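With the hints as extra help, turn the sequences into a complete structure.
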Amino acid sequence: AGCVTLRLTDLRIPSHAVRNQSVKLECYFDLDGETLYSVKWYKDGNEFFRYVPRDMPPTQSFSLPGVTVDMHNSTKNVVVLNSVQLSSTGIYRCEVSGEAPFFETVTDHERMVVVALPEEGPKITGGKPRYQVGDTVKVNCTSGRSKPAAQLNWMINGEPADPKFLKGPDIIVTGREGLETSILGLEFVVRHKHFKRGNMKLKCLATIATLYLVSNEESVEGERPQKASVLETASSERCLVPLPAALMLLCHVLAWMMTSSAMSPS
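So the sequence shown is numbered by the numbering used here: it starts at 1 and just counts up by one.
Just to be clear, a hint being listed does not mean it is correct.
[Said to hold, decoys possible] 25 Å max Cα-Cα, derived DSS-like pairs, lysine-lysine:
{"#": "1", "residue 1": "K167", "residue 2": "K123"}
{"#": "2", "residue 1": "K196", "residue 2": "K123"}
{"#": "3", "residue 1": "K201", "residue 2": "K128"}
{"#": "4", "residue 1": "K193", "residue 2": "K138"}
{"#": "5", "residue 1": "K164", "residue 2": "K203"}
{"#": "6", "residue 1": "K167", "residue 2": "K193"}
{"#": "7", "residue 1": "K201", "residue 2": "K123"}
{"#": "8", "residue 1": "K201", "residue 2": "K164"}
{"#": "9", "residue 1": "K203", "residue 2": "K167"}
{"#": "10", "residue 1": "K203", "residue 2": "K123"}
{"#": "11", "residue 1": "K123", "residue 2": "K138"}
[As the list claims (entries may be wrong)] Here are the computed distance ranges between Cβ atoms for each label pair:
{"#": "12", "residue 1": "E159", "residue 2": "Q132", "range": "13 to 23 Å"}
{"#": "13", "residue 1": "D30", "residue 2": "K196", "range": "57 to 67 Å"}
{"#": "14", "residue 1": "Q151", "residue 2": "T5", "range": "37 to 47 Å"}
{"#": "15", "residue 1": "G33", "residue 2": "L211", "range": "40 to 50 Å"}
{"#": "16", "residue 1": "K123", "residue 2": "D70", "range": "33 to 43 Å"}
{"#": "17", "residue 1": "D70", "residue 2": "K196", "range": "50 to 60 Å"}
{"#": "18", "residue 1": "S22", "residue 2": "L213", "range": "21 to 31 Å"}
{"#": "19", "residue 1": "D70", "residue 2": "K164", "range": "44 to 54 Å"}
{"#": "20", "residue 1": "K24", "residue 2": "G45", "range": "13 to 23 Å"}
Everything labelled a hint here was simulated from the structure, so no lab data went into it.
All values derive from a computational prediction rather than experimental measurement.
Using N, Cα and C, we set each Cβ at its ideal position, and we do this for glycine too.
Structure representation (structure tokens):
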């Protein structure tokens with residue numbers, strides 16, 4: 001038998017794809033002088049597309065749930081899938097075969113996950129408009145429905161929250177499609193360090209792979225020590241109000257004493 005010369009040089013299958021969008025699957029190979037017999041594509045072991053140059057037409061597709069091939073834009077190297085769905089998630093394999101007499105075959109595969117993105121960003125609930133040192137912050141971040149569930153992260157003033165402050169995440173599955181909602185709690189006792197210029201910013205980030213990153217932030221007020229200073233100043237001013245009257249009374253007493261001294265006999 002002759003040595004193997006046919007080789008698969010590059011397989012490009014996206015690890016993630018967005019539901020209802022088109023996806024391009026690419027398979028490149030080096031025949032090294034051999035004649036191409038066929039290129040076949042499989043999803044989870046089931047063939048859905050083939051390219052056989054000797055056939056007319058050379059391209060052919062096979063019905064498979066979750067797989068709709070764009071035949072006009074699919075070639076020996078590229079297969080385009082229209083409007084992928086959650087059921088399109090699976091392992092995609094490209095198989096390239098050479099002609100007789102050797103019929104060499106090379107194959108490679110990758111997994112693709114189709115993602116249903118949330119229709120709305122994460123929501124923060126349970127917060128108060130103002131906190132003081134010693135108060136307990138107890139809030140939740142809830143992601144929009146998606147599949148898979150969004151990964152949630154809490155930030156306090158731009159810094160990742162201490163893991164011991166986190167509660168969850170909890171995943172809730174709803175609906176016929178099994179879309180998922182993620183809930184991550186944040187609970188901690190407020191310290192002076194949590195205030196920057198009198199404010200504390202709580203941010204929740206929701207991410208799904210490299211396809212989705214949306215955040216929501218709430219800014220809450222801290223203590224306002226300057227208000228206490230104003231009260232103290234006002235109190236001090238009230239204490240100073242009787243002072244002019246006291247001075248006038250003292251002047252009257254001194255004048256009376258001097259007059260009395262002048263009138264008394266030596």
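Outcome of the hint check:
no. : hint                      : in the structure
1   : K167 <-> K123             : 16 Å, holds
2   : K196 <-> K123             : 23 Å, holds
3   : K201 <-> K128             : 12 Å, holds
4   : K193 <-> K138             : 17 Å, holds
5   : K164 <-> K203             : 17 Å, holds
6   : K167 <-> K193             : 22 Å, holds
7   : K201 <-> K123             : 15 Å, holds
8   : K201 <-> K164             : 18 Å, holds
9   : K203 <-> K167             : 15 Å, holds
10  : K203 <-> K123             : 10 Å, holds
11  : K123 <-> K138             : 14 Å, holds
12  : E159 <-> Q132: 13 to 23 Å : 21 Å, holds
13  : D30 <-> K196: 57 to 67 Å  : 59 Å, holds
14  : Q151 <-> T5: 37 to 47 Å   : 45 Å, holds
15  : G33 <-> L211: 40 to 50 Å  : 41 Å, holds
16  : K123 <-> D70: 33 to 43 Å  : 38 Å, holds
17  : D70 <-> K196: 50 to 60 Å  : 52 Å, holds
18  : S22 <-> L213: 21 to 31 Å  : 22 Å, holds
19  : D70 <-> K164: 44 to 54 Å  : 51 Å, holds
20  : K24 <-> G45: 13 to 23 Å   : 22 Å, holds
Going down the numbered hints, you'll see the structure goes against none, and every one checks out.
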